[in-house]
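There are 2 protein chains.
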Amino acid sequence: MVAAHLDTVFPEGTDVTVRREGTKLYAPGIGDDTRSLAVLLAFIRALDAASIRTRNDILFVGDVGEEGLGDLRGVRHLFTKGRYRDQIEAFITVDSPQVDNIVVGGVGSKRYSVRFNGPGGHSFKAFGIVNPIYAMAQAIVELGRIEVPETPRTTFCASIVGGGTSVNAIPEEAWIDIDLRSESAEQLARLDARCRAIVAAAVEQENTARSTSEGAITVDIRTLGDRPAGNTPMDSDIVQFATAALQAHGFAPRHEASSTDANIPMSLGIPAIKIGSGGTGGRAHSLAEWIDVEKTASVSGMTASLTAILAVAGFVGA
Amino acid sequence: MVAAHLDTVFPEGTDVTVRREGTKLYAPGIGDDTRSLAVLLAFIRALDAASIRTRNDILFVGDVGEEGLGDLRGVRHLFTKGRYRDQIEAFITVDSPQVDNIVVGGVGSKRYSVRFNGPGGHSFKAFGIVNPIYAMAQAIVELGRIEVPETPRTTFCASIVGGGTSVNAIPEEAWIDIDLRSESAEQLARLDARCRAIVAAAVEQENTARSTSEGAITVDIRTLGDRPAGNTPMDSDIVQFATAALQAHGFAPRHEASSTDANIPMSLGIPAIKIGSGGTGGRAHSLAEWIDVEKTASVSGMTASLTAILAVAGFVGA
Chain S
101 MVAAHLDTVF
111 PEGTDVTVRR
121 EGTKLYAPGI
131 GDDTRSLAVL
141 LAFIRALDAA
151 SIRTRNDILF
161 VGDVGEEGLG
171 DLRGVRHLFT
181 KGRYRDQIEA
191 FITVDSPQVD
201 NIVVGGVGSK
211 RYSVRFNGPG
221 GHSFKAFGIV
231 NPIYAMAQAI
241 VELGRIEVPE
251 TPRTTFCASI
261 VGGGTSVNAI
271 PEEAWIDIDL
281 RSESAEQLAR
291 LDARCRAIVA
301 AAVEQENTAR
311 STSEGAITVD
321 IRTLGDRPAG
331 NTPMDSDIVQ
341 FATAALQAHG
351 FAPRHEASST
361 DANIPMSLGI
371 PAIKIGSGGT
381 GGRAHSLAEW
391 IDVEKTASVS
401 GMTASLTAIL
411 AVAGFVGA
Chain V
101 MVAAHLDTVF
111 PEGTDVTVRR
121 EGTKLYAPGI
131 GDDTRSLAVL
141 LAFIRALDAA
151 SIRTRNDILF
161 VGDVGEEGLG
171 DLRGVRHLFT
181 KGRYRDQIEA
191 FITVDSPQVD
201 NIVVGGVGSK
211 RYSVRFNGPG
221 GHSFKAFGIV
231 NPIYAMAQAI
241 VELGRIEVPE
251 TPRTTFCASI
261 VGGGTSVNAI
271 PEEAWIDIDL
281 RSESAEQLAR
291 LDARCRAIVA
301 AAVEQENTAR
311 STSEGAITVD
321 IRTLGDRPAG
331 NTPMDSDIVQ
341 FATAALQAHG
351 FAPRHEASST
361 DANIPMSLGI
371 PAIKIGSGGT
381 GGRAHSLAEW
391 IDVEKTASVS
401 GMTASLTAIL
411 AVAGFVGA
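Sequence lines, in order, name chains S and V. The numbering used here puts the first sequence at residues 101 to 418. The numbering used here puts the second sequence at residues 101 to 418.
This is chain S alone, in the form it adopts within the complex (with noise of 0.2 Å):
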């Protein structure tokens, strides 16, 4: 399976109208990931034009839900609910023009807002009893002390707070949105349970420390996203073939981690890669994004990433 995805981080209403300049064209996700889109059409048409044959199909795929909030939720429905889930034996995402770096390790995250309740009451008269936002503290620096390794990298973080209304009550409600991440899914999935168990002892402590005589501290925790890390080991046909392929065309690809489409197929033990659509760009995820499509350097880089799916999907002949 090759894929790029149709999502953008671009809110809808957008003025997605591209201008030109020269050989360069500017637009909201003009590269990120429009240019491959348009790309994986061009290796339809030229692997048709040239009647090249595969030992594998190729099923060439257009996304959604790459980006953000999205959750790839797109390839993740491919791999567990589309009609081709059981036949998918390797997975690339053709993302962004860079050919010089192929992803092999996906970022996992998980990202989850946590609600502390409590009875709340004014802050002179019913002082003493237990208020969400001691314990939501409590949670926050034990949060802060925990410690990662640097390789996987691993990390966490406290993003956004809030709670309360008045400065004179005693708060009903706190909470806290926390962003999780790990190159492993070991680790990440280590970081989560942490993460709860110490949110889980941090409501117990405010409930023991103050009183709950008119109702104990509970607490909430909503997903607000979950992508799963995982990785493809760098002596897998998939690395070593790509990784030739771009070689052969004179790229010196470095091998690196992300979070792409690929950390589905990574995480369920399915051979994926991350690659480039060729030519240059930049200022991804901002409104002045650009792409370069200057002939040569465009083709050299289209024409690398299409050796490389054809190296992995098995050249047989034209």
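It is possible that some hints are incorrect.
[As the list claims (entries may be wrong)] Once the Cα atoms are required to be at most 30 Å apart in a straight line, the calculated DSBU-like pairs of lysine-lysine come out as:
id, chain 1, residue 1, chain 2, residue 2
1, V, LYS124, S, LYS225
2, V, LYS395, V, LYS124
3, V, LYS225, S, LYS124
4, S, LYS395, S, LYS124
Because the hints were derived from the structure by calculation, they are not lab data.
Following the hints, complete the assembly by docking chain V onto the known chain S.
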């Protein structure tokens, strides 16, 4: 000085039309503190009609800023900048109908908004840099651990919290609004100092625990409210005379601590109390606020309160 306050807790534009049902009057602010203002005028007329002479002059005042964010600014002005500021030997505020208590303690409060700022960054790529939410959480946890005396009653509250804009970003700012109160000026000052020390230590701890390569956590404390604590000794003339006057009229007043206009003179060591305007009332600070002006109870309370005022001012004769 005898005062009643002109302001209410209600926002400008609130419908304050009085509705009468028998002897009950309904209107926002009718008891707290409109009735007292009318009662002061009745006192003045009664004193004139009976040609009452007192040892000390009585200055009747209608003041502003008693409620909420007003921070007692009216009475504060009278005692610090007003033309009579050096001539006030005793202060009685007539506030709300109830004649069954005399406020002899002034609950002081300090309220501030503590803003923690940091460099901010990407939750995964910039992991390891200081995060203002961790500094804030550390301060809140330590605040929650402060031990305060039950007597004089002293309280603290983490009331409102906020910060951060995106789940995948280390925030640039986090803030907490804090409410500190005490019946004792000394305890309030101690609590305030402890709280500020905790904030400073939490910032330092975060700047030590994580990287400041992109910038360090800084903090800014903005005062939201500052009401001094104070009290008038139980054996002072003002408390003894007022208590005796109310008892002579059949009331059995309790002695309480609260936050009233009397806080200001109390904090300056000037004898001060709060008494009631007579009659009954309820639902203060709500749109359903009411008083009952039924003559017997109303005049009985008014007479008792005027007697208290005359006892304090020194009744000479008629």
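Here is what the structure says about each hint:
no. : hint                     : in the structure
1   : LYS124(V) with LYS225(S) : holds, 29 Å
2   : LYS395(V) with LYS124(V) : holds, 11 Å
3   : LYS225(V) with LYS124(S) : holds, 29 Å
4   : LYS395(S) with LYS124(S) : holds, 11 Å
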